[in-house]
Amino acid sequence: MGRITLDKVRKAFGDVEVIPPLDLTIEEGEFVVFVGPSGCGKSTLLRLIAGLEDVSSGEIRIDGQNATDLPPAKRRLAMVFQSYALYPHMTVRKNIAFPLKMAGLDQAAQDKKVEGAASVLNLTDYLERRPGQLSGGQRQRVAIGRAIVREPAAFLFDEPLSNLDAALRVGMRMEISELHERLKTTMIYVTHDQVEAMTMADKIVVLRAGNIEQVGSPLELYRAPRNVFVAGFIGSPKMNLIDGEEAAKRNAHTIGIRPEHITPSPDAGTWEGTVGVAEHLGSDTFFHVHLPGREEPMTVRAGGEVSLHHGDKIFLTPDETQLHRFDAQGLRI
Amino acid sequence: MATQHSRAAARLMISPSVILLLGWMLIPLGLTLYFSFLRYNLLMPGANPFVGWENYSYFLSDPAFKAAIVNTLLLVVGVLVITVVGGTLLAILLDQAMWGQGIVRILVIAPFFVMPTVSALVWKNMFMNPVNGLFAHLAKFLGLPPFDFFAAAPLASIIGIVSWQWLPFATLILLTAMQSLDSERLEAAEMDGAGPLSRFWYMVLPHLSRAITVVILIQTIFLLSVFAEILVTTNGGPGNASTNLTYLVYAESLLRFDVGTGSAGGVVAIILANIVAIFLMRMIGKNLDA
Ligand SMILES: Nc1ncnc2c1ncn2[C@@H]1O[C@H](COP(=O)(O)OP(=O)(O)O)[C@@H](O)[C@H]1O
Ligand SMILES: [Mg+2]
Numbered sequence: 001m002g003r004i005t006l007d008k009v010r011k012a013f014g015d016v017e018v019i020p021p022l023d024l025t026i027e028e029g030e031f032v033v034f035v036g037p038s039g040c041g042k043s044t045l046l047r048l049i050a051g052l053e054d055v056s057s058g059e060i061r062i063d064g065q066n067a068t069d070l071p072p073a074k075r076r077l078a079m080v081f082q083s084y085a086l087y088p089h090m091t092v093r094k095n096i097a098f099p100l101k102m103a104g105l106d107q108a109a110q111d112k113k114v115e116g117a118a119s120v121l122n123l124t125d126y127l128e129r130r131p132g133q134l135s136g137g138q139r140q141r142v143a144i145g146r147a148i149v150r151e152p153a154a155f156l157f158d159e160p161l162s163n164l165d166a167a168l169r170v171g172m173r174m175e176i177s178e179l180h181e182r183l184k185t186t187m188i189y190v191t192h193d194q195v196e197a198m199t200m201a202d203k204i205v206v207l208r209a210g211n212i213e214q215v216g217s218p219l220e221l222y223r224a225p226r227n228v229f230v231a232g233f234i235g236s237p238k239m240n241l242i243d244g245e246e247a248a249k250r251n252a253h254t255i256g257i258r259p260e261h262i263t264p265s266p267d268a269g270t271w272e273g274t275v276g277v278a279e280h281l282g283s284d285t286f287f288h289v290h291l292p293g294r295e296e297p298m299t300v301r302a303g304g305e306v307s308l309h310h311g312d313k314i315f316l317t318p319d320e321t322q323l324h325r326f327d328a329q330g331l332r333i
Numbered sequence: 001m002a003t004q005h006s007r008a009a010a011r012l013m014i015s016p017s018v019i020l021l022l023g024w025m026l027i028p029l030g031l032t033l034y035f036s037f038l039r040y041n042l043l044m045p046g047a048n049p050f051v052g053w054e055n056y057s058y059f060l061s062d063p064a065f066k067a068a069i070v071n072t073l074l075l076v077v078g079v080l081v082i083t084v085v086g087g088t089l090l091a092i093l094l095d096q097a098m099w100g101q102g103i104v105r106i107l108v109i110a111p112f113f114v115m116p117t118v119s120a121l122v123w124k125n126m127f128m129n130p131v132n133g134l135f136a137h138l139a140k141f142l143g144l145p146p147f148d149f150f151a152a153a154p155l156a157s158i159i160g161i162v163s164w165q166w167l168p169f170a171t172l173i174l175l176t177a178m179q180s181l182d183s184e185r186l187e188a189a190e191m192d193g194a195g196p197l198s199r200f201w202y203m204v205l206p207h208l209s210r211a212i213t214v215v216i217l218i219q220t221i222f223l224l225s226v227f228a229e230i231l232v233t234t235n236g237g238p239g240n241a242s243t244n245l246t247y248l249v250y251a252e253s254l255l256r257f258d259v260g261t262g263s264a265g266g267v268v269a270i271i272l273a274n275i276v277a278i279f280l281m282r283m284i285g286k287n288l289d290a
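Chains G and X, in that order, give the protein sequences.
Going by full-length UniProt numbering, 106 is the number at position 106 of the first sequence; the sequence numbering is gapless.
Going by full-length UniProt numbering, 139 is the number at position 139 of the second sequence; the sequence numbering is gapless.
Calculated from the structure, these hints are not laboratory results.
Misleading hints may appear alongside valid ones.
[Stated by the list, open to error] In silico lysine to any residue, SDA-like type, Cα no more than 25 angstroms apart, as pairs:
hint, chain 1, residue 1, chain 2, residue 2
1, G, Lys-101, X, Leu-197
2, G, Lys-74, X, Arg-199
3, G, Lys-94, X, Ser-183
4, G, Lys-74, X, Thr-220
5, G, Lys-113, X, Tyr-202
6, X, Lys-286, X, Ala-273
7, G, Lys-94, X, Ala-273
8, G, Lys-94, X, Pro-206
9, G, Lys-94, X, Ser-198
10, G, Lys-112, X, Ser-183
11, G, Lys-113, X, Ser-209
12, G, Lys-94, X, Glu-184
13, G, Lys-74, X, Leu-197
14, G, Lys-203, G, Thr-25
15, G, Lys-113, X, Ser-198
16, G, Lys-101, X, Ala-273
17, X, Lys-286, G, Arg-130
18, X, Lys-286, G, Leu-134
19, G, Lys-74, X, Tyr-202
20, G, Lys-74, X, Pro-196
Whole structure, please, built from the sequences with the hints as guidance.
Encoded structure:
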C-alpha cells in the first residue's frame, strides 16, 4: 500500500513545459520531500500525483495499478493544502467527518473515527468550533485530521507549514514526523525550505525547473551533491562555491567547501581575508570573510566563543578531504 | 468613533440626511394615514367627513382584496423561486472558463437595463401575442393551437416577464459570490470523494447562502410593488386574476377615484410589507450575521 511510480510523466500548460518527462519511484512507507525554489513545479508535480491536473503524457502507477486516468477520489490519496482548504461553514467535527460521510459511513463509525483522529491531534476540545475560530496551527491539524481519517495509501502535503510562524513550524514539523512514524504511511511533502527537507525526509527529491536534480537521503545529498545546484541549495548556511584559479589548482571548474570544513586562524593559512559580519547563534558563530577578488563573502563556522572582530585580518584553511569538485557543466567530479 | 466627542460630531454630521429621509418618509405616510380615515371620493366633491374605520372595512371585505393578497404572494414567491434557481445555475455556467465569456456575461445582464414598461410591452406584443407573437408562430409551426397567454394564464405570464427582468440581478450577485469561492476548497472536497452534486450541495450552496439571502431580501422589496408590468399587459384582469395589492390600490384611487379607500389600501399594503419583512429577516436574516 502506497508505492507510487511516475513513468515519463510530463506536464505542459499550453506551450510551456512545466515538467519535462520525469521518472520517479516512491517506496511504500517512505517520507519523500520534494524541494526546490519557488516556481520549479513542485506543486504541479504533487497535483499530477493527486489527479487534480491531467498529465500531458506518461503514466502514474499507485501500488502497481495504472492511476493515470483515475479521478482524484479514486486514487486513495489525501492531500493537505497550503491554504488548508477547510470548509468554513462546517464545525471541526464535520470537516474531519466529511470524507467519511462522502464514503457513506454510518454516523456511529464516523464519530468513532473523528474522535480517534481528534485525540491524536489534540483537537478534542475544539470539535464543535468553526475553522474561523481556530489558530493557524489548529487549522493545520484539522486539515491533517481530515486526511488521516480516510486511511489513505499516501499523504500529499503542499507546503503545509508556510503559513505558520517560526516556532509553530518547528513544532508542527515534529508532529508530522511523529505521525509518519506512527502511521507508517507513504508521505509526499512539498516545500521550498531545505531545512524542512533535511529534518523530515527519508528521501529528498531536489527539483529545478521541473527536472529532478538529485534523489537521495538528506545526508547523501549533503555529503555528495551531484551538481553545483544541489550543492548550493542543500545545507544552511550555504556551501561556499569558488570558481577560477583556486578551482583550477585542484583540477576543477568550481570547488565547494562547507562552512564547517574551513579552519580560521589569525596568523597562517591557505587564504587570507578580512572578517565581515558575524552571526552569533550561541553554539556556533558564522563569520562572513571577504577574500580579495571575490564578491561574495565566504561563510566560515567557528565555535561559540571566538573573539574575531569586524575588519580583523584572518587566514582560512579548507579541509582538502572535504572539498567538492565540479566540472564546467556543474557536475560532480 | 471611539471618543464621546467624535461620536457627538458624527451624530451632528449625519443629522441632515437623517432628518431629510425622515421627512421624506413621514410626510407622505402621515397624509396617507389621514386620507384613509376620510370619505374622500373625487367623483363626489364637497365635504370630506371623518368616517373612522369605514374605508378599512370596505377595502378588507372587498373580494378583490383576498385575490390581490394571493396574487401578490404568488408573484413574489414565483419570481423568487425562478430567479434564485435560474440565477444559481446561470452563475455556475458563467463561472466556467469558456470562449466569448465577456460577451455572454453582458448579454445575460442586458435584460436588467430594459425598463419594466418596455420589457412588458415587448413580451406582450412580440412574444406572447396569440396572433402575431413569436410563441404563436412557433405553435403554428409545430401544428399546435396558439396559446393566449394573458387570457389563459395571466398571472403566470406576468411572473415569467418579471422573472426575465430580475434573473440578471440574481445571476450577477450569485456570480460574484461564485468567483470568491476558493478553488482549493473544491479540490479538497473532490479529493475527499465528493462528486459534482455533493460538491454543489455541501460546498457551493453554503458558500452562496449569504448572496442568496441578499437576492431574496432585495428582490422581495421590489416584487411586492410590481405595477408597470401589470398595467401594460393585463390591467389586472381578466377579472382580478392578475391584480396584486399595488394594482388594487391604484384601481381604487385612480380608476374608481376613491382616494379614501385607496389610502386605506396603501396603509394595509405597508403593514403587510412590514410583516413580510420581519418574517424574512427572522427566517433568513441570520445568514447575514458573522
Ligand atoms: N494552471 C496553470 N496554468 C499555467 N501555468 C501554470 C499553472 N499552474 C502552474 N503554472 C506554472 O507552472 C510553474 C510551476 O508552478 P508550481 O508547480 O506552482 O511551482 P511551485 O509549487 O514549485 O512553486 C510556474 O511557472 C507556474 O507559473
Ligand atoms: Mg507551490
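Hints, verified against the model:
For the hint pairing Lys-101/G with Leu-197/X, the CA-to-CA distance comes to about 14 angstroms; that is within 25 angstroms, so the pair holds. A threshold of 25 angstroms between alpha carbons decides the hint, and for Lys-74/G with Arg-199/X the separation of about 16 angstroms falls inside it, so the pair holds. As the CA atoms of Lys-94/G and Ser-183/X are separated by approximately 20 angstroms, the hinted pair is consistent with the 25 angstroms bound. A distance of roughly 44 angstroms separates the Cα atoms of Lys-74/G and Thr-220/X; the hinted pair therefore is violated under the 25 angstroms criterion.
A threshold of 25 angstroms between alpha carbons decides the hint, and for Lys-113/G with Tyr-202/X the separation of about 21 angstroms falls inside it, so the pair holds. Among the hinted pairs, Lys-286/X with Ala-273/X is consistent with the structure: their alpha-carbon atoms are about 19 angstroms apart, no more than 25 angstroms. With a CA separation close to 38 angstroms, the supplied pair Lys-94/G and Ala-273/X exceeds the 25 angstroms bound. For the hint linking Lys-94/G to Pro-206/X, the alpha-carbon distance of about 14 angstroms falls within 25 angstroms, and the restraint holds.
The suggested pairing of Lys-94/G with Ser-198/X holds, with an alpha-carbon distance near 14 angstroms, which does not exceed 25 angstroms. For the hint linking Lys-112/G to Ser-183/X, the alpha-carbon distance of about 30 angstroms lies beyond 25 angstroms, and the restraint is violated. Under the criterion of a C-alpha separation no larger than 25 angstroms, the hint pairing Lys-113/G with Ser-209/X is inconsistent with the structure, at around 30 angstroms. For the proposed pair Lys-94/G and Glu-184/X, the alpha carbon gap of about 18 angstroms is at most 25 angstroms, so the pair holds.
Between the alpha carbons of Lys-74/G and Leu-197/X the distance comes to roughly 17 angstroms, so the proposed pair stays at or under 25 angstroms and holds. The hinted pair formed by Lys-203/G and Thr-25/G meets the criterion: a straight-line CA distance of about 11 angstroms does not exceed 25 angstroms. Distance restraint check for Lys-113/G and Ser-198/X: the Cα-Cα separation of roughly 21 angstroms lies within the 25 angstroms cut-off, and the hinted pair is therefore satisfied. Our distance criterion of 25 angstroms between C-alpha atoms is broken by Lys-101/G and Ala-273/X, whose separation comes to about 42 angstroms.
Pair hint Lys-286/X plus Arg-130/G holds up; C-alpha atoms about 16 angstroms apart against a cutoff of 25 angstroms. In summary, the hint linking Lys-286/X to Leu-134/G is supported, as the alpha carbons are separated by about 22 angstroms, within the 25 angstroms threshold. Taking the CA atoms of Lys-74/G and Tyr-202/X, the gap is about 19 angstroms. The hint holds against a cut of 25 angstroms. A threshold of 25 angstroms between alpha carbons decides the hint, and for Lys-74/G with Pro-196/X the separation of about 14 angstroms falls inside it, so the pair holds.
In summary, the structure is inconsistent with hints 4, 7, 10, 11, 16 from the numbered list given earlier, while agreeing with the others.
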